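Colleague: Sequences are here, hints too, so could you generate the full structure?
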Amino acid sequence: MSLNAEIADTGRFTEEQLAKYVIDATKDVFSTMVMMDPADDYPLKDPIHRFQCSITGMVGFAGIYSGVISIHCPVALALQITSSMLGMECEEVNEDLNDAIGEIANMLGGSVKQVLSKGGMDVKLSIPTVISGEDYTVNSLSDLDCVVIPFKVNDTKFLVGLTLKKED
Amino acid sequence: MANILIVDDSSTMRKIISRSLRQAGLTVDEIYEAGDGIEGLSVLASGKPVTLILSDINMPNMDGLEFIRQVRANGNPVPIVMITTEGGEEILKEAIASGASDSIKKPFTPEQLQEKLGALI
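Chains as they are written, first to last, in the working numbering: chain A, 39 to 206; chain B, -10 to 110.
A hint or two may mislead.
A few chain B residues facing chain A, derived, Cβ under 10 Å [claimed, not checked]:
1. -3
2. -2
3. -1
4. 0
5. 1
6. 2
7. 21
8. 48
9. 49
10. 62
11. 63
12. 74
13. 75
14. 79
15. 81
By construction, these hints were calculated from the structure, which means they are not laboratory data.
No experiment lies behind these values; they were computed from the predicted model shown.
The beta carbon of each residue, even a glycine, is placed where N, CA and C say it ideally should be.
Modeller: Shown next, in the form of structure tokens:
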């Protein structure tokens, strides 16, 4: 999977640079707010679009860049994440789970936005969106636009993906 | 001692902020919560004795920047500190120009809360 050629051509970011930003942001958010230390396993060997018993949190960018940052993780791991963030046991898919995963996506979006926009006014972040289900697929309009980082924590894998397009 | 209003659309984040305030050793009397700027204004209008506001910026219905402007337009001088994923210079300058005292970037540690809020509580 490779970064949008238009972004790479600007000379501002390589795919490896953006991957590093995503990895650093994810590790920072997890170590500070989730009290977990995930290990990255970049690059992703094969594209993953289908998720089972999972939850996906997404935040969109709009402005001089458009795109989405997303976190995809199994529900079992999401329950551990939510329990750790809230300091109380979370045992089922509910509003707390959705809110926690959405907030992680929001913090990841904020970190990446800082790289894309120094001033912060020319890129806007959306309110988080969360989807979950027993079997669903998530597709970007083009695989070429994505950088996806696999992580592992508590022996469970999760993914953080970044889709970006430089606007005219 | 302080009565703190936390304005954030994430209930998870409101709980984390509340817990982090305690972990930072900051003494808080009451914590009030609001899910957006409109709810935040309602809490203030209800007469709750709020002595410090911690507000997100990106929220539905009424965002944090408009919330600050409305608080100041109502003549309320209560200190407001932004706790936000937004780290851009311009947007934080706008928050300060609108009446915010300071800002804290998410993610944050209890130590960072202590450093930024210790003098206000």
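Colleague: Does each hint hold? Answer for all of them.
Modeller: Cross-check of the supplied hints:
no. : hint : result
1   : -3   : holds, 9 Å
2   : -2   : holds, 7 Å
3   : -1   : holds, 4 Å
4   : 0    : holds, 5 Å
5   : 1    : holds, 4 Å
6   : 2    : holds, 5 Å
7   : 21   : violated, 19 Å
8   : 48   : holds, 8 Å
9   : 49   : holds, 5 Å
10  : 62   : violated, 22 Å
11  : 63   : violated, 26 Å
12  : 74   : holds, 2 Å
13  : 75   : holds, 6 Å
14  : 79   : holds, 3 Å
15  : 81   : holds, 7 Å
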